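Got chain L; can you put chain P on it based on the hints?
Chains L and P are the protein sequences, given in the same order. Under numbering that gives the first Met the number 0, the residue at position 376 of the first sequence is numbered 375, and the numbers go up by one with no gaps. Under numbering that gives the first Met the number 0, the residue at position 182 of the second sequence is numbered 181, and the numbers go up by one with no gaps.
Keep in mind the hints are simulated off the structure, nothing from the lab. Bear in mind the structure is a predicted one, so any value in this text is a computation, not a measurement. Treat the hints with care, since some could be wrong.
Unchecked claim - Ranges between beta-carbon positions, derived for each pair:
(1) L:F353 to P:P24: 37 to 43 Å
(2) P:S199 to L:L23: 41 to 47 Å
(3) L:T270 to P:S199: 31 to 37 Å
From the three backbone atoms N, C-alpha and C, an ideal C-beta is built for every residue, glycine too.
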Amino acid sequence: MSSSPSNPSQDQASARRAVVRAGLARRHRTERAFRFAGLLAVIMALGVVASLFATILGKGLPAFQQPYITVAVTFDPEIIDVGPEPVRQAGQSDADFRAASLAWQRQLAMLNWNAIIEHSMRELVPDGLEIDTRALLSVVETSERHRVRELLVADPTLLGRTVTLDLLASANVDNWLKGSIDRSLPDARQQLTAPARQLSDQLYADGVIHMGFSWSILTNVDSRAAPASAGLAGAFMGSLYMMLVVIVLAVPIGVGSAIYLEEFAPRSRLTDLIEVNINNLAAVPSIVFGLLGAALFINYFRLPLSAPLVGGLVLTLMTLPTIIIATRAALKGVPQSLRQAALGLGASRTQMVFHHVLPMTLPSILTATIIGVAQALGETAPLLLIGMNAFVAQIPSSPIDQATALPAQIFLWQGNENRNFFEARTSAAIMVLLALMIALNAVAVFLRTRLERNK
Amino acid sequence: MSATVLETATPVHQTVRTPDPDARPVRLRAEDVSVFYGEKQALFDVSIDIPEKSVSALIGPSGCGKSTFLRCINRMNDTIEGCRVTGSILLDGESLYDPALDVVELRARIGMVFQKPNPFPKSIFENVAYGPRIHGLARNKTDLEEIVVTSLQKAGLYEEVKDRLNQPGTGLSGGQQQRLCIARAIAVGPEVILMDEPCSALDPIATAIIEELIDELRANYTIVIVTHSMQQAARVSQKTAFFHLGRLIEEGPTEEIFTNPREKRTQDYITGRIG
Numbered sequence: 000m001s002s003s004p005s006n007p008s009q010d011q012a013s014a015r016r017a018v019v020r021a022g023l024a025r026r027h028r029t030e031r032a033f034r035f036a037g038l039l040a041v042i043m044a045l046g047v048v049a050s051l052f053a054t055i056l057g058k059g060l061p062a063f064q065q066p067y068i069t070v071a072v073t074f075d076p077e078i079i080d081v082g083p084e085p086v087r088q089a090g091q092s093d094a095d096f097r098a099a100s101l102a103w104q105r106q107l108a109m110l111n112w113n114a115i116i117e118h119s120m121r122e123l124v125p126d127g128l129e130i131d132t133r134a135l136l137s138v139v140e141t142s143e144r145h146r147v148r149e150l151l152v153a154d155p156t157l158l159g160r161t162v163t164l165d166l167l168a169s170a171n172v173d174n175w176l177k178g179s180i181d182r183s184l185p186d187a188r189q190q191l192t193a194p195a196r197q198l199s200d201q202l203y204a205d206g207v208i209h210m211g212f213s214w215s216i217l218t219n220v221d222s223r224a225a226p227a228s229a230g231l232a233g234a235f236m237g238s239l240y241m242m243l244v245v246i247v248l249a250v251p252i253g254v255g256s257a258i259y260l261e262e263f264a265p266r267s268r269l270t271d272l273i274e275v276n277i278n279n280l281a282a283v284p285s286i287v288f289g290l291l292g293a294a295l296f297i298n299y300f301r302l303p304l305s306a307p308l309v310g311g312l313v314l315t316l317m318t319l320p321t322i323i324i325a326t327r328a329a330l331k332g333v334p335q336s337l338r339q340a341a342l343g344l345g346a347s348r349t350q351m352v353f354h355h356v357l358p359m360t361l362p363s364i365l366t367a368t369i370i371g372v373a374q375a376l377g378e379t380a381p382l383l384l385i386g387m388n389a390f391v392a393q394i395p396s397s398p399i400d401q402a403t404a405l406p407a408q409i410f411l412w413q414g415n416e417n418r419n420f421f422e423a424r425t426s427a428a429i430m431v432l433l434a435l436m437i438a439l440n441a442v443a444v445f446l447r448t449r450l451e452r453n454k
Numbered sequence: 000m001s002a003t004v005l006e007t008a009t010p011v012h013q014t015v016r017t018p019d020p021d022a023r024p025v026r027l028r029a030e031d032v033s034v035f036y037g038e039k040q041a042l043f044d045v046s047i048d049i050p051e052k053s054v055s056a057l058i059g060p061s062g063c064g065k066s067t068f069l070r071c072i073n074r075m076n077d078t079i080e081g082c083r084v085t086g087s088i089l090l091d092g093e094s095l096y097d098p099a100l101d102v103v104e105l106r107a108r109i110g111m112v113f114q115k116p117n118p119f120p121k122s123i124f125e126n127v128a129y130g131p132r133i134h135g136l137a138r139n140k141t142d143l144e145e146i147v148v149t150s151l152q153k154a155g156l157y158e159e160v161k162d163r164l165n166q167p168g169t170g171l172s173g174g175q176q177q178r179l180c181i182a183r184a185i186a187v188g189p190e191v192i193l194m195d196e197p198c199s200a201l202d203p204i205a206t207a208i209i210e211e212l213i214d215e216l217r218a219n220y221t222i223v224i225v226t227h228s229m230q231q232a233a234r235v236s237q238k239t240a241f242f243h244l245g246r247l248i249e250e251g252p253t254e255e256i257f258t259n260p261r262e263k264r265t266q267d268y269i270t271g272r273i274g
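Excised from the complex, chain L in its bound form:
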């Protein structure tokens, strides 16, 4: 660049350039600092998420492996001294048959199944190990005696025979073998007696006790008496029913009100007030919705406590603002020219909305809805107030049966007195809940891309 110093306009230009250049370093520095801060924030967020997942997976995955005891169980006829299951006699009345059947079942339940388990386990005790009945039984989960009974009911020919079964080891054995309890603690502070611990170690070393996949987490209901067999099936179904109620109620009501407010309602003080209040509702703490649900649905409408229906209604109230706000935002995004095109052709307002505006916003509405539902699914606080944190040991067969929900189950397990065992179970339950959430979000993403491609 050749600049002649005699030319004043060129002097001015180079002076201007010098000023600009002087500021450049500072500007670049600011930009670098901002970029660095942004990168740092992203890394921190990722780090938190990663450590969250690592913690949950690290704690939860072992819960899916549980110790089972391979043992030969003899259905000893001397202990099982009931006759065969009564069959209906010719001419026997309905009531008589039912009475006979019930009496038989009662008899069966009163049998000393513990003795059968004990006899089988006794075979495994190595010579020289003194272990009393109580300690021996503490190795096997208490629910297993019911399982043995059910096996016999299902197949009466088992009577008198010996079969090899994988019995679920108790939660305390699980703790001992996995090291979730400090093995150096003195006897007085151990949950298992010394002989029981020795037996467990011995059998584990021999391969008689082996780790297997814990189906019980997925297929069983919660259990206090037999923690090792406690599962999520009831809570999962409860959550599913609630989700169903939320989808059936919140989606049509939410989308409908959003359409009305956005496309039909005249601008007035009243609609402004409604809009402000919907926005406020979105910010109301969820526990307040729980109080409302308890007061309204349970106290006033007399709906049953602990029912997924009530939970679903409360979560519907909570999800509605989210869906309404998201739907309205989506509707606002539809270009005015599309509305004019439809109206100009003589479409009524309703036709305009349902033929043109709504199809265009469907992907956004769908995503918002699913995310709203997923949020509701993870909500715990309002459920505590309508009794959905109760201990329920059955799988609900309808939305008005008593049930609990996944997050409430996590809350319950977290507070269980057998902390050593339930810490892993809690993380396992969190994994199931997260898997459900991720699945829902995946559906949202899938539907969105699918619908947008079809446009």
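Then chain P, alone, in the frame of chain L:
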């Protein structure tokens, strides 16, 4: 007549009118139409006759009220919050603002083409078929297909799209999209077609095609067109009305307005001094 320059800013506004001896019978008549957006008055006592089966152009600088007036004719202003229209507009002597008149029926009789091509995000076929379908104009599927094909033919688009009727209308070029919008308006069988600067988003070639099309459509439809381009008004219209600041300043046969304007503001505008 020589270019007599008249006094402007008369206290009581008077539209300068040049009668057209060859004009066709009146189809649409506006009488003292005023439009208010809330407190603000956008249009002041506009009266004009629109002859049938001809093109009438509304010209004027931005914000002069020409589009507002156009939207009064098919009551699209109804959709704007706080908009109020006074005066009367008559179609064949029937008031368009009669409370008993259904606006949906009215818009089936008076079609509209907008400034920016706005095809529905649907197939070409569906775009054209939508109007007849909602108004129940086709008895069956073959009927509907026939309406779609003739409408596309009338809009001069059929040859270009006949092999891809099922492809989205939004995939066409700007000019084709605008012709699709015209076809869509024609498909309902309107008596009047309103066009709001239909070529402002198009390139010169597409514009020429549309202008030619407008000239052909004149044989069957009464057309009112708002345009920013004076050349376009001169080329396609038989009657021109000049709007300024919400008032109809001058109206008359297009040739008269362009060669021999009687109002100073009209002259200033067409010679490029205002606008």
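Could one say that the CB atoms of F353 (chain L) and P24 (chain P) fall in the range 37 to 43 Å?
Once the Cβ atoms are compared, 40 Å apart, the range 37 to 43 Å for P24 (chain P) and F353 (chain L) holds.
(Q) Quick check on a hinted range of 31 to 37 Å for T270 (chain L) and S199 (chain P), using CB atoms only. (A) Given a distance of about 35 Å, which is inside 31 to 37 Å, the answer is holds.
Inset, instruction - Could you check the hint for me, namely that S199 (chain P) and L23 (chain L) are 41 to 47 Å apart, CB to CB? - result: About 43 Å separates the Cβ atoms of S199 (chain P) and L23 (chain L), which means 41 to 47 Å holds.
The structure shown violates none of the earlier numbered hints.
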